[in-house]
Structure formats: C-alpha cells, structure tokens
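Using the hints, position chain B against chain A.
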Amino acid sequence: GAVVSQHPSRVICKSGTSVKIECRSLDFQATTMFWYRQFPKKSLMLMATSNEGSKATYEQGVEKDKFLINHASLTLSTLTVTSAHPEDSSFYICSARSTGYQPQHFGDGTRLSIL
Amino acid sequence: AQTVTQSQPEMSVQEAETVTLSCTYDTSESDYYLFWYKQPPSRQMILVIRQEAYKQQNATENRFSVNFQKAAKSFSLKISDSQLGDAAMYFCAYRSATNAGNMLTFGGGTRLMVKP
Chain A
838 GAVVSQHPSR VICKSGTSVK IECRSLDFQA TTMFWYRQFP KKSLMLMATS
888 NEGSKATYEQ GVEKDKFLIN HASLTLSTLT VTSAHPEDSS FYICSARSTG
938 YQPQHFGDGT RLSIL
Chain B
17 AQTVTQSQPE MSVQEAETVT LSCTYDTSES DYYLFWYKQP PSRQMILVIR
67 QEAYKQQNAT ENRFSVNFQK AAKSFSLKIS DSQLGDAAMY FCAYRSATNA
117 GNMLTFGGGT RLMVKP
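Heads up: the sequence lines are chains A and B, in that order.
Residues 838 to 952 in this note's numbering are what the first sequence spells out, letter by letter.
Residues 17 to 132 in this note's numbering are what the second sequence spells out, letter by letter.
Bound-form chain B, shown alone:
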C-alpha cells in the first residue's frame, strides 16, 4: 500500500517570502500522479498543482512549483512571494495511474501560517 508523509505539521512564512513544504511517499509503482491540495478555513479542497511521475520536468503554476525527486520519492511544494491568502492546510496526495481504484492517498497535512 502507498503511504504519504508530511513531516512538518506546521510551517510559518513571512509575507512575500518563500516557503517549502515537504512530502515523501512510498510506492512500488512506477506510474503515478502526485498532487498538492490547499484547504483554507472554508475547508474547500483546492487543487494547487499536479505532477505526472513520468515527467522529469517539475510542474509550476504561477507562484507554486514543485521539486519532484522520483528516486528519492520526494515531492516538495515551493510557494514564492507568499501572500496572506496562502494561509491554509496543505495536503500532499498520491494516486496510482494503473490501479483500477485510482483513489487519492493523502498525507497528514501541513498548516501554513503567513505573517504580515
């Protein structure tokens, strides 16, 4: 079974600064997807960024980028120019590309606080 680990329960960043959230995962599969979701206080789950395991290039979405290290099974999220609205819970998630169920396996989450 796949597992996803987020080792930082809480992180804090100064507004306009850069922060990196860590995520590691364990799998025996070679084809899969990785995601970062944001859950603000409203508790809505918002997809931040997605990475296909077969792609070597790291995904980027505006201020959000990932550092995907497949051999190390690491998938960190970098938030540049942090904004107050970035404060939320962030969940790393894994999904098999071959398993029929294709369900998401979530990490335990990291609470990001942004200081003005």
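So that you can see chain A by itself, here it is in the shape it has in the complex:
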C-alpha cells in the first residue's frame, strides 16, 4: 500500500529556534499534501493544503509566516515552524494524496516540544 514517511518523529528544541518537518511519499506521486495539528485528546485540525509547485493554502487562523510550507516536488513537502515557542508544542501530522479521488495516506506524525 501507499506509504508516507514523516521525519523526525520527535523533536525537542529551545524556544526561538526553527524546526523543519519532512513528509515524503515513498511509492507514489503526491500531487497534494496536507498538514494537520493535533492537540492532546483532540481531533486533527487542518493547517494547510499544498499542491506541488504551488503556494500552500492556509486555513483560517493559521499564520503562514509562522508555519512555512514548501511542496517543491511530487514526493516531498516540508513544514517549518519558525521561531518556535512553547505554544507551538503539539503533534503535527502530514498526509498525501495522488489524485482527487484517492484516499489520503498519513505519516506517523511528529511530536514537537518547545522548551
């Protein structure tokens, strides 16, 4: 089946640093990738949708300058949390889809902890 790899799985860093999370589709071409944020015991909240070669579309309330998304190839999207602060600590999950009618396949998530 389709495999999406997300890296790193866990990151702990100091406040003020920037953190990059990678999402790769290993065996299919992902024309669209999605980034979600999940708070403890809560549902997934869509942050942004990115199509290969285009600027990401951010959901209302998500700061595009804080959460930089790049989808430069059909197999890789990155989320960079810039100048991270403790309130950015969360679980971030990516998903990828080949075409509009295909289901989304999820990465294993990244637990981000900002000290």
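Read the hints as simulated data drawn from the structure, not as lab findings.
Treat the hints with caution; some may be incorrect.
In silico lysine-lysine, DSS-like type, Cα no more than 30 Å apart, as pairs [unchecked claim]: (1) A/K878 / B/K131; (2) A/K879 / B/K131; (3) B/K86 / A/K879; (4) A/K903 / A/K879; (5) A/K857 / A/K879; (6) A/K878 / B/K94; (7) A/K878 / A/K901; (8) A/K879 / B/K94; (9) B/K131 / B/K94; (10) A/K851 / A/K892; (11) A/K879 / A/K851; (12) A/K903 / A/K892; (13) A/K901 / A/K879; (14) A/K901 / A/K851; (15) A/K857 / A/K878; (16) A/K892 / A/K879; (17) B/K71 / B/K89; (18) A/K892 / A/K857; (19) A/K851 / A/K903; (20) B/K89 / A/K879; (21) A/K878 / B/K89; (22) B/K86 / A/K878; (23) A/K857 / A/K901; (24) B/K86 / B/K71.
Here are some chain B residues the structure puts well away from chain A; computed CB gaps all over 12 Å [claimed, not checked]: (25) M27; (26) E31; (27) S44; (28) N74; (29) N78; (30) N83; (31) A87; (32) S90; (33) S96; (34) S98; (35) A103.
Backbone N, C-alpha and C fix where the C-beta goes; we use that ideal spot for every residue, glycine too.
Only chain B this time, still in chain A's reference frame:
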C-alpha cells in the same frame, strides 16, 4: 461548510462483543466520501473503511462495517467480535468529491476501550 459530529466521546465494549460508533455530518453536497480512521496510542492514522455517497450498499471490511444513511446524514461504524487491538481513537471524516481542495473534515473522535 461541512461539519462532522461524533456524539460519543468514549465507548466501552467487552472483548468479542459488538460495538457501534456514531457519526453524523452536515453537507449540502450530493457527491462525497466518508471515512473511518483509527488512531491507536502510537498516533498513526489508519484508514479503517471508506464509503462513497453514491453507493447504496454499506461498505464492509472484515469485522468492520458501516450503516450509511444518506438521507439522515448518518454514518455509523460497527465493530464485530471486538479485539483488544481495536482499542483506539476513532475518527469519522468527510471529503467532498467535487470541491477542488478535497480536504478531510474530521469529527471530534470517539475513544474506544475494549475490556478483556
């Protein structure tokens, strides 16, 4: 905008018994997809079952089946012969078949506990 509601924050089932998780949704569209995802403690999102709205027949995947009531906008998940490994968070999700974004809208989730 579409909304997905899971009215049961927690459910409990005895091992080998059957449990039904509820999901309702609101949409003005006629063509869409519905999904149930499982998120175990590892937090990996696992697709359990998928239903196309144009299909009247309820989807089934081994011990998992759905009761799709389009007019009532209801999409419940039935787990038969529950196993300890079924314990997880379950999320119902909606996706438009016509909207260009085709993103998933998730319900709030139901935590399923399986008692041995």
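Do the hints match the structure? See the list:
1. A C-alpha spacing of about 20 Å is found between A/K878 and B/K131, which places the hinted pair at or below 30 Å, so the restraint holds.
2. Restraint check for A/K879 and B/K131: the C-alpha separation of about 23 Å stays at or below 30 Å, so the hint holds.
3. For a cut-off of 30 Å, the pair hint linking B/K86 to A/K879 stands: about 27 Å separates their Cα positions.
4. Simply put, A/K903 and A/K879 have alpha-carbon atoms about 22 Å apart, close enough for the 30 Å limit, and the pair holds.
5. Annotation: proposed proximity of A/K857 to A/K879 holds, straight-line Cα distance about 23 Å (limit 30 Å).
6. Distance hint between A/K878 and B/K94 is fulfilled; the C-alpha atoms sit about 22 Å from each other, no more than 30 Å.
7. Between A/K878 and A/K901 the CA atoms are separated by roughly 25 Å; this keeps the pair inside 30 Å, and the hint holds.
8. For a cut-off of 30 Å, the pair hint linking A/K879 to B/K94 stands: about 22 Å separates their Cα positions.
9. Among the hinted pairs, B/K131 with B/K94 is consistent with the structure: their alpha-carbon atoms are about 17 Å apart, no more than 30 Å.
10. Between the alpha carbons of A/K851 and A/K892 the distance comes to roughly 29 Å, so the proposed pair stays at or under 30 Å and holds.
11. As the CA atoms of A/K879 and A/K851 are separated by approximately 25 Å, the hinted pair is consistent with the 30 Å bound.
12. For the given pair, A/K903 sits about 15 Å from A/K892 by alpha-carbon distance, which is consistent with the 30 Å threshold.
13. For the suggested pair A/K901 and A/K879, the alpha carbons sit about 22 Å apart, so the restraint of at most 30 Å is met.
14. With a CA separation close to 21 Å, the supplied pair A/K901 and A/K851 stays within the 30 Å bound.
15. Among the hinted pairs, A/K857 with A/K878 is consistent with the structure: their alpha-carbon atoms are about 24 Å apart, no more than 30 Å.
16. A distance of roughly 28 Å separates the Cα atoms of A/K892 and A/K879; the hinted pair therefore holds under the 30 Å criterion.
17. For a cut-off of 30 Å, the pair hint linking B/K71 to B/K89 stands: about 14 Å separates their Cα positions.
18. Proximity of A/K892 to A/K857 is assessed by CA-CA distance (about 17 Å); at most 30 Å being required, the pair is judged to hold.
19. Restraint check for A/K851 and A/K903: the C-alpha separation of about 16 Å stays at or below 30 Å, so the hint holds.
20. For the given pair, B/K89 sits about 23 Å from A/K879 by alpha-carbon distance, which is consistent with the 30 Å threshold.
21. At most 30 Å may separate the alpha-carbon atoms for a hinted pair to count; A/K878 and B/K89 meet this at roughly 25 Å.
22. With a CA separation close to 29 Å, the supplied pair B/K86 and A/K878 stays within the 30 Å bound.
23. For the given pair, A/K857 sits about 14 Å from A/K901 by alpha-carbon distance, which is consistent with the 30 Å threshold.
24. With a C-alpha separation of about 10 Å, the suggested pair B/K86 and B/K71 falls inside the 30 Å cut-off, and the hint holds.
25. Listed as a non-interface residue, B/M27 keeps its Cβ farther than 12 Å from every Cβ of chain A; the least gap is roughly 15 Å.
26. The non-interface label for B/E31 is consistent with chain A: the shortest C-beta to C-beta separation is roughly 24 Å, beyond 12 Å.
27. Every C-beta of chain A lies more than 12 Å from that of B/S44, the closest at about 19 Å, which supports listing it as non-interface.
28. Against the 12 Å criterion, B/N74 stays outside the reach of chain A, whose nearest CB is about 18 Å from its own CB.
29. Interface exclusion of B/N78 from chain A stands, the closest Cβ pair being 16 Å apart, more than 12 Å.
30. With 12 Å as the threshold on Cβ separation, the claim that B/N83 sits away from chain A holds: the shortest Cβ distance comes to roughly 20 Å.
31. Every Cβ of chain A is farther than 12 Å from the Cβ of B/A87; the closest lies at roughly 24 Å, confirming the non-interface assignment.
32. Annotated as non-interface, B/S90 keeps its C-beta farther than 12 Å from every C-beta of chain A; the closest such distance is 19 Å.
33. Look at B/S96: its CB is around 23 Å from the nearest CB on chain A, clear of 12 Å, so calling it non-interface holds up.
34. The beta carbon of B/S98 sits about 22 Å from the closest Cβ of chain A, which is more than 12 Å, so the claim that it is off the interface holds.
35. Against chain A, the non-interface label of B/A103 holds: every CB pair exceeds 12 Å, the least being about 15 Å.
Of the numbered hints stated above, none is contradicted by the structure.
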